[in-house]
Amino acid sequence: MDLASQLPMLLGLAWLAPLVSFVAILFFGPRMGHHGKNAAWVATAAIVTSLGLSLAAFGTWLTAHPVTAVSHDSHGAAVDGHAADSHDAQEHESHEHEANAGHGDHADHGGQHAAVVPAAYSGDWYTLYQGGSLRLSIGWYIDALTVMMFVVVTFIATCIHVYASGYMHDELHDVTDHEVHLSDGGHLHRPGRFPRFFQALSLFCFSMLGILIAGNLAMVFIFWELVGICSWFLIGFYFERKSASTAANKAFIVNRVGDFGMLIGLMALWGALGTLHFADTPAAGPAGQTAPGLFSLVRPAESGHALQVPDGMVKFANASEVSRIAVENASRPGDGANEIASRIRDWRSQGYGRWLLFIAGVGIFCGCVGKSAQFPLFVWLPDAMEGPTPVSALVHSATMVAAGVYLVGRFYPVLTPDVLLVIAVIGGITLFIAATIALVANDIKRVLAYSTVSQLGYMMLALGVGGWSAGLFHLVTHAFFKSLLFLCSGSVIHACHTNDMRKMGGLARVMPWTAGTMLVGCLAIIGAGIPFVIGLSGYYSKDAILAQALSYSQANPSWSILFYAVAGGAFLTAFYMFRLWFMTFAGTPRDHHIADHAHESPNVMVVPLVALSVLAIVAGWTLPGGFGLANLLEQARPAGTAATMSDSFLFGNLTVPAEHLSHEGAIHVTATLTAFTTAAAGVLLAAMMYLWRIISPEMVASVFRPIYSFLANRWYFDELYNAIFVRPVFAVASLASGTDRGVIDRLIDGIAWSARQLAGFDAWIDRNLVDGLVNATATATWNAGLELKKLQTGRLRQYVMFIVIGTVALFVLASMLFRAALAG
Amino acid sequence: MIMSLLASALPMSGLLAALPVAAVNWHSVLFLLFAAVACACAVAVVLADNVVRMAFYLVLSLAATAGLFFLAGAEFVGAMQLMIYVGGTLVLLVFGVMLTAQAPFVAIKTSTGDRVLAGMVGAALLAVLLQAAFRVEPWRRPAMAAVAAPAATPIGMALLGVRVDEPVAGAPPAAVRSGYLLPFEIVSVHLLVVLVGAAYLARAKRRRTPRAIDVAASSVGPVVTAREAARSSASALVSGGQ
Amino acid sequence: MNLLSAGLPSTAIPLFAGLLDAPVGVAHYLVVGAILFTSGVVCMALKRNALGVLMGIELVLNGANVNFVAFSSPYLRGEGAASLGLDGQLIALFVILLAAAEAAVALAITLNFYNNHATVDIDQADDLKG
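Residue numbers (my numbering), protein chains in the order written: chain A, 1 to 824; chain B, 1 to 242; chain C, 1 to 130.
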């Protein structure tokens, strides 16, 4: 079997395995072992199967597209194998041109690398609807990024499934929830929900893998929403707690706000271009020709894969002119089409369609703003910590929130420099706000949550300044160390039964494994390492981001704030992460009761920690043969994105420098040194305040009281949104309900009341008049009968009298009649 | 013939000299006589209070009626009237009178209002009948020239089913005149049934409780209590059998 | 009432005066019959004695008999007048027979009534009152 059908099969099965587990646990969960204990193993087995299949796919990919080193110090191109255009497979039939793998075909520098098309396979499993050029289908788009993300997601999910099978053991028996206060003052007693947790986790894994493998934006949207639902369920797992259910609703609603923008973007694309597929689909066009996908529409091969407004959008924007020409040539449609085609270039240069492309890009990005908790839609992520810690680790640090970054990375070829600037600025704002809030947070999971938001801002900023591979590199490394950090915090919470860091301290003695792995995670996130030599995974990715940001700010001096934001963010990240570590593990215990009862977690929880910490260390390394994450990503770099982009539309002249330029000497060195110094400074300050107690945090807080309270209240965002959105909506809702009750219900009740009155009146008439008439008739008849009865006296003489009188009367009558007849 | 006999038997020539005796229609005179007796006695039956007297007046009335029958030429019927009606039926009635003529029942008076009402009703009925009698022209003109044949034999033959009498004038010539055999037989059976029925009705009944009449006779109470005693014994009789 | 006056033409047969020499017709017999009938009816309606009622019945039947005989009489026919002939006499005969039968049964009933109620006052026989 060739690669084009092998990869979809492997990854498709990997995608569907968690769905099988979901269905199995859905129907048989409570019967799987005592209280459903084995549901964890079913789910874990499914995700391990997915991991295995993903690794198999990875291996298959590597055999076909071995990862080679990308030379950084020359202007040379990224020398990946020339992969052919992807040929899509309908119904598992495919053919693809085998790439020349790994020959040192050094393309010319300059424009040639723009002609490199990444190796990618796309196709459809099932077409839901096809009408003209409109096609809705379930399909795949597999490139190196997909394969890599599959391995990352399934690996982290496996670790977390194992961890959760230990962490969630409370749910194996009846639970007394101390955070739920019933109306009679007691606590809630409820049965355990162990299988349901793994059911939801399985569904989540299925949905997340669906986003990764999706071949068109419609499918992405479907699984986007599905992931949102799973997140809603998992956050609200302890739904009897008001805080948890509110947090779940908040997460879902805020995500929906972002999805609204995403729908606008989808509409712009579909309306103007008529397709949502990423890649071309052969034999799917109206006349059987290849239906172009988004990538080739926006970056056509003829123009060297440079970004240009696609024909469809140009025509859409200039619709009046197009229709005028069509009407002019109504009898000769061929001539009309030719004229339009010839005029498109002019229209494009006049700028038609640029707004549409901008809207499309920003729209899709809106969805990512919601899903990846960027400014202004980040308020749901800290509240999402209400869910169990494994959920925070899997969903809200490593995977779901990464889906937004992943989509930006996947959709990168369609994004113009203006859109990229918007992304970068939003990312920068986010990273700054979140980092500042994390400085003063006392809940260990909140610190990590804001850290996640901040790191996502990093990734968005990286993508926005042109660092496609830097951003996605950071996505992968961040997935490893953030999930590690969350699992460690879960371990700590499990031991201390509290989230409050002010009550912790000195736990390193009693929880050495947790402390050690958490230290690894902290070092990874700050990008610790020996400059220019070696470092943990975060070192490489942060380095790349800084370098690209520096390159961008040099190319666009008016936007150099972005570089300073990144550098400052690095400083803040180091500070708050080590603040966390020192407060939790170092020094003397602040609460002896907790410290006495703290203990190391069981092995089932420690082993995933160790596994993830190993990866957190090595994930950034590139092996001598060139095998490494960075080079793997380069295989997936979309066509045309390796070159510098320039544009001047909304925000003035913008230049998005090519990423490989940031690997050059000067920029690279500056970036590395900046990263090192800022991180070291942050660690030093944190140590001074929280380890050696040279500077007292309380004093600093009191000196900067207004700033401190501003940060401690999370920049008052929740209050702001409450005032701007929630209160007015409630006001409108109460107005509407008041109208409904007071006006509409009154009206209806009034109608009903008058109907009842009328009915009562009718009833009165019926009872008294109609029935009365009938009864009166009956009574009259009865009385007449009674009166007539008196005739029957039983007296013979009277009867005789009546006979006689009757006879006489009859005779008289008859004679009168006969007389009249005879006389007449 | 009778009239001539009667005419010749009148001794009071003096009285008769004032009358044009030869012009007297003795048929009419006798008719008036018998008619007057019959009517007067009939009215007397009505007016009398004493039931015994009523019976007597009735006998006289019916006897006069028989005379009328003879005058009309239906001598067989007249004879039967005297024999059966007067001699049988009225005798039976007289027996009944005798059986029930106890002191309080001999003369029961009706109220005046009833009498007035009955009188009015009777007068109305009489008026109707009378005017009907005089309406038909041919009924007012007799045919005195006719000579009647004795009717016994034709009647007997008719009862046997053979009609031997002359057809009357004015009847359709081919009219079939039926015999009266069937009615004769029916009436005989009817009389048998009546005989049996009357005998059954009037049989001596074995009584568990004394007859009301015996109770009434034994006690000296007024009629009212006797009546109630009669009622109670009657109801006991009806319900309990005898 | 115009019934009576209209029934009598101006050349009326004298009812009483002149009857001595004028022959009688059917009408005269009918008058007798009417009187008998009426008195019988009045007797039935008037008498409280059950036997009185029976007597009334006899009178009624006799009145009818007189009519029948009058219609059948050969002496009383006018020219062209229809007559019952022998049928009338036979009918009268049957009436007599049936009257006898009826009298017997009625008397039996009356005697039963007398025995049960100790009275022949038919006004006391109102048990069938409605």
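Among the hints, erroneous ones may be present.
[Said to hold, decoys possible] Across the chosen pairs, the derived CB separations fall in these ranges:
id	chain 1	residue 1	chain 2	residue 2	range
1	C	Asp127	B	Gly119	20 to 30 angstroms
2	B	Gly119	C	Glu102	21 to 31 angstroms
3	A	Leu810	B	Gly119	30 to 40 angstroms
4	A	Gly806	B	Arg135	15 to 25 angstroms
5	C	Leu128	A	Leu758	48 to 58 angstroms
6	B	Arg135	C	Asp127	42 to 52 angstroms
7	C	Leu128	B	Leu201	41 to 51 angstroms
The set of hints was computed from the structure by calculation and includes no laboratory data. We treat Cβ as the ideally placed atom computed from N, Cα and C, and that holds for glycine.
Hint by hint, work out which the structure violates, then give me just those numbers in ascending order.
3 and 7
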